[in-house]
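Colleague: Listed below, chain by chain, are the residues.
Protein chains: 2
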Amino acid sequence: MSKRPSILALCASLLAVGLRAAAQTDPLPSWNDGPAKKAIVEFVQATTTQGSPKFVPPEERIATFDQDGTLWVEDPMYSQVVYCLDRVPAVVNAKPELAKVEPFKTVLSGNREAMAKLSMNDLFKILAATLSGMSVDEFRAEARKWLDTARDTRWKRPYTELTYLPMLEVLKYLRANGYKTYIVTGGGQDFVRVYAEGVYGIPPEQVVGTVGATKYGYDKAGKPVLTKEPKLLLNDDNAGKPEGIHMMIGRRPSAAFGNSIGDRQMLEYTKAGDGARLAMLLLHDDAEREYAYGPARGLPNTKVGTFPQALYDEATKQGWVVIGMKNDWKRVFAFDGGHS
Amino acid sequence: MSKRPSILALCASLLAVGLRAAAQTDPLPSWNDGPAKKAIVEFVQATTTQGSPKFVPPEERIATFDQDGTLWVEDPMYSQVVYCLDRVPAVVNAKPELAKVEPFKTVLSGNREAMAKLSMNDLFKILAATLSGMSVDEFRAEARKWLDTARDTRWKRPYTELTYLPMLEVLKYLRANGYKTYIVTGGGQDFVRVYAEGVYGIPPEQVVGTVGATKYGYDKAGKPVLTKEPKLLLNDDNAGKPEGIHMMIGRRPSAAFGNSIGDRQMLEYTKAGDGARLAMLLLHDDAEREYAYGPARGLPNTKVGTFPQALYDEATKQGWVVIGMKNDWKRVFAFDGGHS
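Taken in sequence, the protein lines are chains B and H. Sequence positions in the first sequence follow our numbering and run 1318 to 1657. Sequence positions in the second sequence follow our numbering and run 1318 to 1657.
Treat the hints as calculated values from the structure; they're not laboratory data. Among the hints, a few may not be true.
If chains are identical, the list can't say which one is meant, so a pair holds when it fits in one copy or spans any two.
[Stated by the list, open to error] Derived EDC-like pairs (lysine to aspartate or glutamate); straight-line CA-CA distance at most 16 angstroms:
1) K1540 <-> E1631
2) K1540 <-> D1591
3) K1422 <-> D1403
4) K1537 <-> E1459
5) K1647 <-> E1605
6) K1442 <-> E1546
7) K1417 <-> D1439
Between the sequences and the hints, there should be enough to build the whole structure, so can you do that?
Modeller: This is the structure in structure tokens:
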């Protein structure tokens, strides 16, 4: 035995002291005291305190987060849909014959009213045309460029700033307590991976999303290249979320956070596990600071059915904790004033 | 500012001292000095020494390992194939009509010669019947039970003991230097996940394998259940390996280890990235301590084409490093004597 174990042991003790000191400061300063904040803190303490009957070994600490509407703003339109619409001119430029074909013709017209009437089938055509046919490196570069320049219509800010500060605190708090944090999104896995590490500290391998196939081949110089194909491998929404979690993680999460009917099965699956489980549902009820929709009214027509009252009734029935944005959050965004 | 940063800083210094002390002992004691060992050590030093022109940031340190034949014995038959054959009686018990249908009839006969003549198509039928139709929890329990009791024909040991000690050292050495180690296997992802954590210290979320679909539903008591379906989502072999790596990890590995033609694209894809890249190909040339096959002769008939001379010629061409089991490894298994 060398000196190493004793140095490491000393180090572990010092780390423990450091972590205890950290625990005495509020890990969730943007949250008001209330049942939601209490549920998070109690869950973390119960699952990470050695000797607790609900202790979860570090390697099993998995927490999953829906992205649109749970970690950042999804209204009035998913940012990835905006990206795809913005990409249409470039796609038509490369394939001019599309200019006269629907739904591309309508998108090119710029007529927002006509665009709002496009069907789901039209939308899939647009997604397929704008999200496939290029290498994964080209796709990453295009998406990065768009994220750097695009601005939302209300706050005139990059989409990557429209993250909820209280949820960023939850991510950090869980990670500081040994949890691996995952995004589990209906959005495109490759798209969300472009910014998840910079915005949330979540690396690409911890982003589970809707997956399109790629095809391995070679470019003109003979270098290997992965090309994005218009073939769906996993629709990571609804029942696809627990299926995607099994495929990508292989463990049932201890905690899950969502906000819409697409998260129902993920919350249910998480909560059905043994031991301590935390399932949380974010209610958008703050028309002033963000938006109010679903049971909180003001639901845009395009989203009828996505936030039914029944989902919130189920929260009570299944023991999910509802986060009310209006009352539970002291601040919504990092940029919206308040003390930082 | 509390006391915490200074404690953490002190801790970091102590850890650094500890790691330097550790670095002075040989991290690969089961390897003979030679080009293979040298390549591994130089790669790790080049990519993890701050200020090195080939430095790789910790979050980008990804190393991928084929499993059968690279981390443990694959001869004379993949352990998962043995598992599937062993499961046939239970499957026929549940569905007695299969007893008279091929290929189940042949498997039940126990006639090894007849079984060796089964076609790939027959094998797929057996895999589908034995690897789907149950919940993921039931599958895990069955596989665990088999792994605990099954013994290989040569050493009469559990398959989980047939791991290569030198490769276990490489896994640990890479992890001690901040690498995330992944298995990337043509074997079933759910099967390998059952033992990867215990055997290799590789958690389920770092096992990339051939993926069958699951279906989310409910059991009789109304509890959520994921059922394994006979539907292939990813054939994680050949070109499927880089495709699977992109899907599951989303980054190109810095290092990759394989042993057969099924690993060719993974090695090629890894090596084609910028900066320092390590691609290694294990040659089974040790008939005495393990097996000799491929260019080293003694290739079982069932595997013709899997280890062609052309693969080893390509290693030279592409700058992959060949590991010769006979000369590069001081010891092969933890149980085969030698000093531990």
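Colleague: Hint by hint, note whether the structure agrees.
Modeller: How the hints compare with the structure:
no.: 1; hint: K1540 <-> E1631; in the structure: between (52 angstroms within a copy, 15 angstroms between copies)
no.: 2; hint: K1540 <-> D1591; in the structure: between (48 angstroms within a copy, 12 angstroms between copies)
no.: 3; hint: K1422 <-> D1403; in the structure: within (13 angstroms within a copy, 59 angstroms between copies)
no.: 4; hint: K1537 <-> E1459; in the structure: neither (21 angstroms within a copy, 48 angstroms between copies)
no.: 5; hint: K1647 <-> E1605; in the structure: within (13 angstroms within a copy, 70 angstroms between copies)
no.: 6; hint: K1442 <-> E1546; in the structure: within (13 angstroms within a copy, 29 angstroms between copies)
no.: 7; hint: K1417 <-> D1439; in the structure: within (14 angstroms within a copy, 50 angstroms between copies)
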